[in-house]
Amino acid sequence: MKSLKVLQHHLADSHNQLAVLEDEGLHKHAPFKDKLVAMGEFPLRATGVEIFQVNVGKMCNQVCKHCHVDAGPDRKEIMTKDTMRLCLDVLAGSDVKTVDLTGGAPEMNPDFRWFVTEIRKLDKHIIGRCNLTIIMANKKFHDLPEFFRQNDIEVVSSLPSFTRDRTDRQRGDGVFEDSIRALQLLNAVGYGEPGSGLLLNLVYNPAGAFLPPSQQALEREYKDELFKNFGIRFNNLFAITNMPISRYLDYLLISGNYDKYMEKLISAFNPAAVRNVMCRNTISVSWDGFMYDCDFNQMLDLPVSTVGSHHLKNFDLEALNSRNIVLKQHCYGCTAGAGSSCGGTVAG
Amino acid sequence: MSNHYYNADDLAKFGNIAEYQKDMGDKFFSYYGDVFKDSHLTAKEKSLIALAVAHAVQCPYCIDAYSSDAYEKGYSEQQMMEAVHVAAAIKGGAVLVHGVQMMNKVKEIGM
Numbered sequence: 032m033k034s035l036k037v038l039q040h041h042l043a044d045s046h047n048q049l050a051v052l053e054d055e056g057l058h059k060h061a062p063f064k065d066k067l068v069a070m071g072e073f074p075l076r077a078t079g080v081e082i083f084q085v086n087v088g089k090m091c092n093q094v095c096k097h098c099h100v101d102a103g104p105d106r107k108e109i110m111t112k113d114t115m116r117l118c119l120d121v122l123a124g125s126d127v128k129t130v131d132l133t134g135g136a137p138e139m140n141p142d143f144r145w146f147v148t149e150i151r152k153l154d155k156h157i158i159g160r161c162n163l164t165i166i167m168a169n170k171k172f173h174d175l176p177e178f179f180r181q182n183d184i185e186v187v188s189s190l191p192s193f194t195r196d197r198t199d200r201q202r203g204d205g206v207f208e209d210s211i212r213a214l215q216l217l218n219a220v221g222y223g224e225p226g227s228g229l230l231l232n233l234v235y236n237p238a239g240a241f242l243p244p245s246q247q248a249l250e251r252e253y254k255d256e257l258f259k260n261f262g263i264r265f266n267n268l269f270a271i272t273n274m275p276i277s278r279y280l281d282y283l284l285i286s287g288n289y290d291k292y293m294e295k296l297i298s299a300f301n302p303a304a305v306r307n308v309m310c311r312n313t314i315s316v317s318w319d320g321f322m323y324d325c326d327f328n329q330m331l332d333l334p335v336s337t338v339g340s341h342h343l344k345n346f347d348l349e350a351l352n353s354r355n356i357v358l359k360q361h362c363y364g365c366t367a368g369a370g371s372s373c374g375g376t377v378a379g
Numbered sequence: 078m079s080n081h082y083y084n085a086d087d088l089a090k091f092g093n094i095a096e097y098q099k100d101m102g103d104k105f106f107s108y109y110g111d112v113f114k115d116s117h118l119t120a121k122e123k124s125l126i127a128l129a130v131a132h133a134v135q136c137p138y139c140i141d142a143y144s145s146d147a148y149e150k151g152y153s154e155q156q157m158m159e160a161v162h163v164a165a166a167i168k169g170g171a172v173l174v175h176g177v178q179m180m181n182k183v184k185e186i187g188m
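Protein chains in written order, with my numbering: chain X, 32 to 379; chain L, 78 to 188.
It is possible that part of the hints are untrue.
To be verified - For each label pair, taking beta carbons as the anchor points, the in silico distance ranges come out as:
(1) L:106 x X:251: 24 to 30 Å
(2) L:89 x X:260: 34 to 40 Å
(3) X:41 x L:153: 30 to 36 Å
(4) X:182 x L:103: 54 to 60 Å
(5) X:70 x L:172: 43 to 49 Å
(6) X:76 x L:168: 44 to 50 Å
(7) X:205 x L:166: 35 to 41 Å
(8) X:260 x L:112: 28 to 34 Å
(9) X:355 x L:167: 57 to 63 Å
(10) L:115 x X:70: 54 to 60 Å
(11) L:103 x X:260: 41 to 47 Å
What the hints assert, rightly or not - From the structure, some residues in chain X lie toward chain L, with a derived Cβ separation under 10 Å:
(12) 196
(13) 244
(14) 297
(15) 301
To be clear, the hints were calculated from the coordinates, so they are not data collected in a lab.
Using N, Cα and C, we set each Cβ at its ideal position, and we do this for glycine too.
Generate the whole structure from the sequences, applying the supplied hints.
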């Protein structure tokens with residue numbers, strides 16, 4: 032399977048994705064902005080920059096059907112060491128608490144390990160979004176669990192189901208088996224083990240056109256099933272809603288589920304989730320150093336609204352701290368039901 | 078009025094039944110909500126029971142709702158079909174067990 036970009040698919044262009052999402056004709060849906068106006072939350076403002084999320088590249092060893100990054104082995108966009116240095120300069124001069132490393136498979140960036148060790152020198156908490164199979168993909172990645180442990184990285188990994196069938200349907204044949212083996216290796220160095228202090232969190236996202244069920248109930252079930260069947264332990268399960276962009280948008284349109292899915296998101300709009308959406312305390316940085324309110328806005332080429340501070344070279348913390356968040360129809364994905372963020376639900 | 082008895086869009090209007098009898102409607106939905114909460118049975122287990130019952134009572138709205146709900150809660154296609162077979166077996170068994178009544182009657186009147 033190839034990325035939309037390499038296939039020259041029309042949805043590889045963010046303008047075409049936005050044209051579907053913002054369609055006033057065939058696919059007309061209640062504007063997200065109107066919901067916020069009605070509850071007195073427009074414009075939605077940032078509350079600060081606590082989380083600095085860095086997308087170090089779109090290259091990945093997997094080609095997942097729902098991927099909002101359109102990542103895959105054929106994507107060549109990779110953050111350079113110079114851009115990493117810009118990140119480090121910004122981090123050194125800020126009180127950002129957490130650096131969240133994502134991709135693609137971030138470990139495929141040749142400077143990933145250098146970047147991690149430099150961030151650690153700044154005494155920042157690091158979240159590493161590891162797709163698990165990268166650990167098994169090549170001998171040079173087999174020691175990643177030990178590297179993560181040495182750098183006290185909080186590992187966050189996708190596993191859309193505790194069953195082989197659903198996992199492989201979404202993420203590709205053989206992904207479940209490799210993921211289980213990788214989780215066992217992470218457990219072996221202490222991840223997820225009680226008292227180790229090494230956090231191993233899993234991410235659930237629906238394998239289809241529906242919203243996640245209760246995060247709490249799922250976590251219980253995942254813990255029981257993974258331990259019973261494979262002896263695997265982990266800390267928390269994050270239930271994440273699929274955003275109607277990129278490959279998932281393509282799936283929704285092809286399967287005839289797009290309008291129903293949008294209606295589901297809209298009818299499940301939860302004002303309590305709005306107040307806790309992740310864009311309010313996060314900055315998302317792209318492989319080439321531009322800044323966005325979140326990873327989804329990044330993929331839609333919607334940079335932060337701050338005039339004169341779109342790139343790390345012009346990082347203006349004061350302006351970013353109180354910026355207006357850029358909102359479009361895909362934002363319904365973060366406010367449906369119990370809400371959704373890179374850390375799971377945001378409202379009870 | 079539509080020209081057929083069942084309309085998929087009507088499922089979303091279920092809540093409207095309280096318009097004509099608010100008190101009873103509100104009580105029903107409150108009860109309904111409580112029934113499907115996690116308790117001695119999990120909400121997931123209750124969803125599969127609901128799916129089987131939906132087939133037994135042949136309610137297209139309920140089949141629509143609980144096919145989605147059970148799948149969303151993580152049941153596989155095979156598990157869901159087995160639940161339908163449970164409903165079918167009970168329905169079939171319910172017909173056949175009445176065969177005993179038929180046999181009793183025939184034995185009563187026959188020579």
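Now for the hints, and whether the structure bears them out:
1. L:106 x X:251: 24 to 30 Å: 27 Å, holds
2. L:89 x X:260: 34 to 40 Å: 38 Å, holds
3. X:41 x L:153: 30 to 36 Å: The hint (30 to 36 Å, Cβ to Cβ) holds, given that residue 41 of chain X and residue 153 of chain L are roughly 34 Å apart.
4. X:182 x L:103: 54 to 60 Å: 55 Å, holds
5. X:70 x L:172: 43 to 49 Å: Check failed, 55 Å falls outside 43 to 49 Å.
6. X:76 x L:168: 44 to 50 Å: 58 Å Cβ-Cβ, so the 44 to 50 Å window is violated.
7. X:205 x L:166: 35 to 41 Å: 37 Å, holds
8. X:260 x L:112: 28 to 34 Å: Because 31 Å falls inside the window, the suggested range holds.
9. X:355 x L:167: 57 to 63 Å: Between residue 355 of chain X and residue 167 of chain L, where Cβ atoms are some 58 Å apart, the hint holds.
10. L:115 x X:70: 54 to 60 Å: 29 Å, violated
11. L:103 x X:260: 41 to 47 Å: 44 Å, holds
12. 196: Holds, about 6 Å.
13. 244: Since the shortest Cβ distance to chain L is 5 Å, the answer is holds.
14. 297: Interface hint status for residue 297 of chain X: violated (12 Å vs cutoff 10 Å).
15. 301: Violated - the Cβ of residue 301 of chain X stays beyond 10 Å from chain L, reaching only about 17 Å at its closest.
Checked against the numbered hints above, the structure violates hints 5, 6, 10, 14 and 15; every other hint is satisfied.
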